[in-house]
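Sequences listed follow chains A and B, in order. Going left to right, the first sequence walks through residues 1 to 731 as this note's numbering numbers them. Going left to right, the second sequence walks through residues 1 to 731 as this note's numbering numbers them.
One should not assume that every hint holds.
A pair holds if it fits inside one copy or across any two, identical chains being indistinguishable in the list.
Said to hold, decoys possible - Here are the simulated lysine-lysine pairs, DSSO-like style, with alpha carbons at most 30 Å apart:
(1) 15 - 77
(2) 626 - 669
(3) 516 - 570
(4) 662 - 626
(5) 302 - 669
(6) 570 - 675
(7) 663 - 694
(8) 570 - 468
(9) 570 - 663
(10) 570 - 321
(11) 592 - 663
(12) 162 - 592
(13) 358 - 445
(14) 397 - 140
(15) 140 - 358
(16) 598 - 397
(17) 663 - 162
(18) 662 - 592
(19) 626 - 358
Everything labelled a hint here was simulated from the structure, so no lab data went into it.
Number of protein chains: 2
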Amino acid sequence: MTHSGQSELAAANHKAVRELVTLERLREFFTPQSIAMVGASENSGWATALVGAAATMGFTGRIVPVHPRVDTAFGRKVIRSLRDLDEPVDTTFILVGQGAVESVLDDMAAAGIRNGVVVTAGYREMGAPGRAAEESMVAKAAAHGILLLGPNCLGFFNVHSKSPAYGVPIAPPLIPGPVGVALQSGALALIAQTIAKSQGVGLSLVATMGNEPMIDITDAIDYMVEDENTKVICLFLEEVTDRATFARAAQRADAAGKPIVALKVGATELGQAAAMAHTGSATGNDAVADAAFRQLNIIRVKGMEEMFATAGVLAYNTFPKGRVGRRLGVVTGSGGGCDIISDSADPEGLEIPEFTQKSVDAIIPLLPDFANVRNPLDVTGFAMASRSGETLNAMDKTLDIVIEDPNIDLVLYAGINAPPTAPLPDNPLAQGFEPRLAWVAERMKTARIPVVPISMMAVDQGAWGMEKLLQHGIYVAPGLNGSVAAVGRALRWLDARGSLNLTPEVPAATRQVTEKGAWSEMRSRQLLEEAGVPIVPGELVNSADEAAAAATRLGFPVVLKIQSEQITHKSDIGGVALRLNNEADVRTAFEKVYAAGKAVQGAVIDGVLVAPMRSGGLELLVGITKDPTFGPVMAVGMGGVWVEIMQDTSLRVLPVDAAEVKKAFNELKAAPLLKGARGSLPVDLDALAAAVTKLGDVAVSLGDSLGALEVNPLWVNGSQIEALDVLVITE
Amino acid sequence: MTHSGQSELAAANHKAVRELVTLERLREFFTPQSIAMVGASENSGWATALVGAAATMGFTGRIVPVHPRVDTAFGRKVIRSLRDLDEPVDTTFILVGQGAVESVLDDMAAAGIRNGVVVTAGYREMGAPGRAAEESMVAKAAAHGILLLGPNCLGFFNVHSKSPAYGVPIAPPLIPGPVGVALQSGALALIAQTIAKSQGVGLSLVATMGNEPMIDITDAIDYMVEDENTKVICLFLEEVTDRATFARAAQRADAAGKPIVALKVGATELGQAAAMAHTGSATGNDAVADAAFRQLNIIRVKGMEEMFATAGVLAYNTFPKGRVGRRLGVVTGSGGGCDIISDSADPEGLEIPEFTQKSVDAIIPLLPDFANVRNPLDVTGFAMASRSGETLNAMDKTLDIVIEDPNIDLVLYAGINAPPTAPLPDNPLAQGFEPRLAWVAERMKTARIPVVPISMMAVDQGAWGMEKLLQHGIYVAPGLNGSVAAVGRALRWLDARGSLNLTPEVPAATRQVTEKGAWSEMRSRQLLEEAGVPIVPGELVNSADEAAAAATRLGFPVVLKIQSEQITHKSDIGGVALRLNNEADVRTAFEKVYAAGKAVQGAVIDGVLVAPMRSGGLELLVGITKDPTFGPVMAVGMGGVWVEIMQDTSLRVLPVDAAEVKKAFNELKAAPLLKGARGSLPVDLDALAAAVTKLGDVAVSLGDSLGALEVNPLWVNGSQIEALDVLVITE
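Make the full structure from the sequences, and use the hints.
Shown next as structure tokens:
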């Protein structure tokens with residue numbers, strides 16, 4: 001098969017697969033009630049794990065081992081082929097060697113089976129020959145109307161439907177719950193399940209994606225958006241293959257009010273290299289992914305532990321639609337704990353204001369004399385013990401006062417310390433634990449403001465306590481700094497909910513481009529002028545006389561710049577003259593600049609550009625390039641050292657509107673300079689955003705031809721805005 | 001008692017206490033083998049906890065309850081007073097009301113008891129009256145030769161000597177080990193012990209410090225430095241009261257090769273406010289503490305979990321003396337895990353280089369065909385199973401190859417997955433666990449380079465596995481990103497070991513200062529000139545003629561600056577004229593500047609300073625202020641927006657030498673500008689460091705009189721260095 005033939009097959013496959021994948025099919029796929037393990041003997045670790053997982057999950061459906069040379073396995077009769085089934089199973093778990101997979105697909109079709117998980121590896125991840133085998137397999141599956149997860153995956157398990165199509169042991173207990181997980185890494189599934197369990201986060205679905213030629217990670221997202229058991233979607237991402245489908249899935253999640261929490265690897269060059277080796281596919285530029293994720297309101301995390309802490313806070317607590325204020329009330333039993341929370345709150349943009357005097361007055365009688373009644377509040381150890389016969393302790397009563405404090409938008413409540421084992425009958429404190437939990441759960445659901453239970457330490461919940469917490473639907477966020485960070489992430493997600501600013505598809509090109517490579521400055525200026533981007537006036541001249549005349553028309557001081565498509569770094573060759581204050585200087589400079597251009601071998605000189613020299617104001621930079629995954633992406637920043645040394649830029653995936661451009665400028669560390677620091681005029685941000693939005697639109701209008709479009713500097717003086725230098729590169 | 005009287009008592013107390021506190025006394029204090037609980041009935045939670053802690057720890061010494069109105073408690077006979085003891089106990093645990101504490105001290109003296117823990121609260125933390133009661137108590141204790149921990153503390157427990165002078169329940173198991181903890185917060189002790197246990201970090205001592213009028217946290221450090229059972233010292237700090245004793249303790253720890261890991265709260269304004277409320281003492285400026293800690297080679301962490309992860313890595317692994325390279329070898333069983341490690345390594349300055357071809361060739365035969373043999377290495381799940389009859393699996397054999405790879409300086413080894421419970425007899429894999437552990441422990445001790453076991457997830461070790469790990473002295477650092485960060489911190493500590501750069505005491509003043517407030521510029525210039533700090537030439541003039549003559553002597557262009565002690569912001573009142581290119585301009589400017597000065601009410605005009613105007617080069621800033629705890633502290637940075645907008649400064653507590661000043665400049669984000677970015681001359685760093693060191697010495701020479709000393713700008717052009725403007729403020 002030729003390379004182009006393979007690409008045609010891939011394209012045909014893609015089309016066929018997309019027609020096959022419907023929400024209905026996904027729902028069917030992820031909730032099987034009977035499973036055939038093809039290639040399973042008791043020597044297979046995967047099959048052994050599946051059978052064990054089924055027992056752990058309480059799966060009551062059929063598990064049928066299929067093997068050509070084995071009679072019994074796992075206490076079950078082994079059939080020789082899927083064709084021997086009396087009635088079709090819901091899915092197959094395929095463990096056979098690569099050479100046998102396609103015949104298994106034929107058997108499935110003959111047996112009326114529509115779904116399969118391919119554990120078998122050696123496909124796309126191994127390079128070209130594997131890629132061909134993968135396309136061939138997919139073509140056959142699609143032709144049969146069969147939907148596959150994998151190859152090169154470890155399957156999935158659905159906790160609510162109790163479906164164990166999964167080749168990794170599950171250590172009990174497996175907690176059903178609202179958090180779904182899809183992973184572009186098989187081995188991390190075990191880690192994900194273990195961390196979720198340790199934190200008391202219940203799971204809905206855990207899916208390992210494998211090579212994704214049929215069901216891909218956006219399909220898994222789509223399924224979880226529709227799945228009523230899933231409230232928060234966790235992703236481990238090594239690659240985002242397609243902007244449009246990914247963005248659409250993210251939009252549907254946001255519209256459904258289901259946060260996506262993603263651990264996207266490839267944050268550094270090292271990370272990218274590792275990702276490339278381990279998935280066989282390139283990982284896009286990470287800063288671009290960062291920008292795209294923010295525009296899609298996807299919460300990005302750096303570790304698996306914080307992924308589940310963030311998901312737990314979002315899934316188990318009650319938040320209103322829309323923005324929640326940043327004023328925390330903090331109720332703990334430790335002054336040192338208060339200190340750590342305070343230190344952690346500031347970087348998250350969270351405040352810890354004073355309580356009202358009314359709250360303070362109401363709390364004082366509840367606590368011992370030596371308690372210092374202020375926010376953050378240490379109720380002291382005494383207030384954590386319930387009085388005999390009372391369900392609530394003084395800390396609980398304090399919580400109720402803080403909930404009603406008008407200075408407070410959200411309460412962090414460190415009042416739940418679940419005993420690891422069932423309390424002894426003679427322990428009144430521990431005996432009161434369950435009624436207190438019921439009370440806290442009620443507060444979490446109905447209080448005026450969100451009440452978020454947190455733990456002072458990130459350690460495992462004990463079995464007994466966790467069971468009780470889960471019965472009441474309570475998640476205790478782990479650790480002081482960890483839980484504050486998780487709350488910060490949750491609030492930022494709430495802020496952005498419903499205002500996604502990344503369109504799934506880049507609009508089609510509206511300009512025909514025939515040039516390739518760097519454009520001349522005059523041609524670049526023309527492009528921007530046509531689009532209505534403000535640009536410094538300029539005239540192309542070809543003699544010292546013309547230069548002097550143009551300078552007089554434009555007004556002194558002026559700059560001269562050599563114009564040649566072959567000369568991209570004009571300054572380096574002496575092709576630029578600055579601060580020319582009179583005609584004589586302009587004439588001399590023209591000769592010098594022109595000669596410098598002529599001296600460059602092979603350069604065709606179009607002339608010399610004369611333009612007014614601007615001073616004062618600020619010099620900004622707007623650069624637009626093309627990311628392999630997300631397409632056109634714009635960086636804005638202050639020019640000069642701000643970009644070169646401080647790397648102080650904001651990125652946005654295009655197209656964006658003026659409001660988003662303003663946000664991008666306001667994110668800069670140098671943003672105070674825009675407000676008129678150090679005596680310069682405050683920048684007219686509306687005018688700036690309008691101009692930069694047009695620049696973005698121009699870049700988008702070039703479609704796939706866009707290589708780069710850079711304005712450096714973009715000069716701004718109050719509401720005066722001019723592109724002083726422009727470079728366009730097309731491909 | 002008058003306020004000054006109280007201060008005298010405090011000073012006398014301090015002197016008496018310091019004479020009492022010797023290493024021998026501390027050793028005796030922290031290892032009691034018999035304890036009297038004074039004020040203990042079975043209603044006391046503290047006493048109940050102590051008795052429980054004793055049982056958990058296996059304390060076999062006497063516990064004697066003392067109470068005036070109770071006959072038996074905790075199955076023990078209660079005595080009425082310490083005077084009724086037949087023989088003295090090693091320490092008392094004092095729970096009585098504040099009014100009775102001093103008579104307990106008398107009883108202790110009468111009974112021959114030298115040590116006590118005061119749990120009783122209501123002292124210094126409650127303000128002035130409590131402070132008086134505290135000083136009175138301390139005076140009595142000191143007079144009796146009694147050493148106290150507290151008041152307002154929860155005591156301590158020493159795991160190796162099995163001494164439970166501690167009023168908080170200890171949840172078993174309590175793991176003996178190499179990590180000591182001292183906390184300026186009582187409630188965090190429980191949290192510390194719980195987190196340590198969950199991570200499998202063994203403890204030596206846990207001490208809660210209380211108000212510290214006698215034994216303070218530096219004494220606890222000193223004890224742990226001497227204690228052979230402690231290898232790493234963990235601190236929770238709300239305040240550092242005294243630079244000298246703290247720095248000396250840190251120096252002794254460093255000299256002994258015992259890292260200090262500190263969670264210092266008060267990182268933000270919020271944190272400082274909370275710390276003030278909760279300890280009754282101000283917390284020093286946090287950025288200064290950050291600098292001081294780095295100069296003292298104290299590892300600073302943000303959370304309790306990372307405190308123990310860092311301590312565990314340092315305490316349980318074998319590191320050579322001196323710097324360890326940054327080239328990691330990574331051996332895991334997960335490609336996704338490799339990605340997360342790669343992403344986490346870069347911010348820590350850790351590299352993951354290629355293995356040598358020799359290593360790759362040696363590893364390939366050990367792993368399945370589909371494994372991708374590169375660093376970071378995913379050995380795949382198959383390589384983690386031992387073959388029947390063999391102790392080591394393929395992953396272990398791989399480790400041995402990586403240890404010998406000359407490209408690698410340290411190995412992260414994710415090969416230890418401790419089963420939570422004892423493996424079943426028919427599980428050969430789990431049965432091989434203990435021999436494998438012994439092998440790994442041997443590698444950790446004897447390998448050419450450090451081998452650091454890490455876990456893929458930060459979850460509790462199960463009881464059985466943890467016991468086995470501890471038996472072999474193995475600590476498995478928790479979580480992928482968490483363990484990489486802990487290794488990064490450990491390596492930075494190793495780098496700095498033995499090269500502390502903060503002297504315990506600020507040298508005494510060598511200059512007598514009579515001025516108070518802002519000095520005139522001429523007087524400030526004189527101070528710097530005397531000290532040999534290079535300063536721009538300048539002449540003080542009092543007429544336009546004198547100004548013109550001075551300008552001609554100094555060379556054009558010049559600047560004029562009004563000189564008056566009453567005018568500190570010269571520019572704001574029009575008292576500065578820049579870029580004067582000829583005599584005429586100088587004359588005009590003189591009149592303008594002089595008139596502007598005269599117009600300021602109450603200003604006595606000393607004249608006008610004429611100085612050459614410098615251009616080109618770089619404008620730096622050196623500012624020195626005084627921190628309440630650490631004394632003189634210097635900030636260096638680039639001037640202008642770099643300081644104002646980017647807050648790009650490096651801090652150093654003074655005095656420092658030129659090498660440390662160079663380091664400070666090299667830490668700036670703007671450091672590339674010093675190397676001659678953007679066409680400017682490279683800065684002569686040796687000359688710069690020499691000048692700035694002199695500036696620091698001048699500030700130090702002012703002693704307590706120093707208010708602030710600021711040079712802004714310090715102009716640098718290659719090796720030309722001049723202070724262009726100087727401000728000195730004394731108190």
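Comparing the hints with the structure gives:
Taking identical chains as interchangeable, the C-alpha atoms of residue 15 and residue 77 are never at most 30 Å apart, the minima being 39 Å within one chain and 86 Å between chains. With identical chains, the CA atoms of residue 626 and residue 669 are at most 30 Å apart both within one copy (24 Å) and between copies (28 Å). With identical chains, the CA atoms of residue 516 and residue 570 are at most 30 Å apart within one copy only, with a shortest distance of 19 Å there and 57 Å across copies. With identical chains, the CA atoms of residue 662 and residue 626 are at most 30 Å apart within one copy only, with a shortest distance of 21 Å there and 41 Å across copies.
Taking the closest pair of Cα atoms, residue 302 and residue 669 come within 30 Å of each other both inside a single copy (23 Å) and across two copies (24 Å). Taking identical chains as interchangeable, the C-alpha atoms of residue 570 and residue 675 lie at most 30 Å apart only when they sit on different chains, with a minimum of 24 Å there against 32 Å within one chain. In this assembly of identical chains, the alpha carbons of residue 663 and residue 694 lie at most 30 Å apart only when taken from the same copy (16 Å versus 45 Å across copies). Neither within a single protomer nor between protomers do residue 570 and residue 468 lie at most 30 Å apart by alpha-carbon distance, with minima of 72 Å and 69 Å respectively.
Taking the closest pair of Cα atoms, residue 570 and residue 663 never come within 30 Å of each other, the shortest separation being 33 Å inside a single copy and 37 Å across copies. Within a single copy, residue 570 and residue 321 get their C-alpha atoms no closer than 54 Å, and across copies no closer than 53 Å, so neither meets the 30 Å cut-off. Within a single copy, residue 592 and residue 663 get their C-alpha atoms no closer than 44 Å, and across copies no closer than 44 Å, so neither meets the 30 Å cut-off. Proximity of residue 162 to residue 592 under the C-alpha cut-off of 30 Å is found in neither arrangement, the shortest distances being 80 Å within a copy and 87 Å between copies.
Taking the closest pair of Cα atoms, residue 358 and residue 445 come within 30 Å of each other only inside a single copy of the chain (25 Å); across copies the shortest separation is 61 Å, beyond that limit. Taking the closest pair of Cα atoms, residue 397 and residue 140 never come within 30 Å of each other, the shortest separation being 65 Å inside a single copy and 41 Å across copies. Taking the shortest alpha-carbon separations for residue 140 and residue 358, neither the intra-copy value of 72 Å nor the inter-copy value of 42 Å comes in at or below 30 Å. Within a single copy, residue 598 and residue 397 get their C-alpha atoms no closer than 85 Å, and across copies no closer than 65 Å, so neither meets the 30 Å cut-off.
With identical chains, the CA atoms of residue 663 and residue 162 are never at most 30 Å apart, being 45 Å at best within one copy and 60 Å at best between copies. In the homo-oligomer, the alpha carbons of residue 662 and residue 592 never lie at most 30 Å apart, since the shortest distance is 41 Å inside one protomer and 43 Å across protomers. Proximity of residue 626 and residue 358 under a CA criterion of 30 Å is satisfied in neither setting, with 57 Å inside one chain copy and 40 Å between copies.
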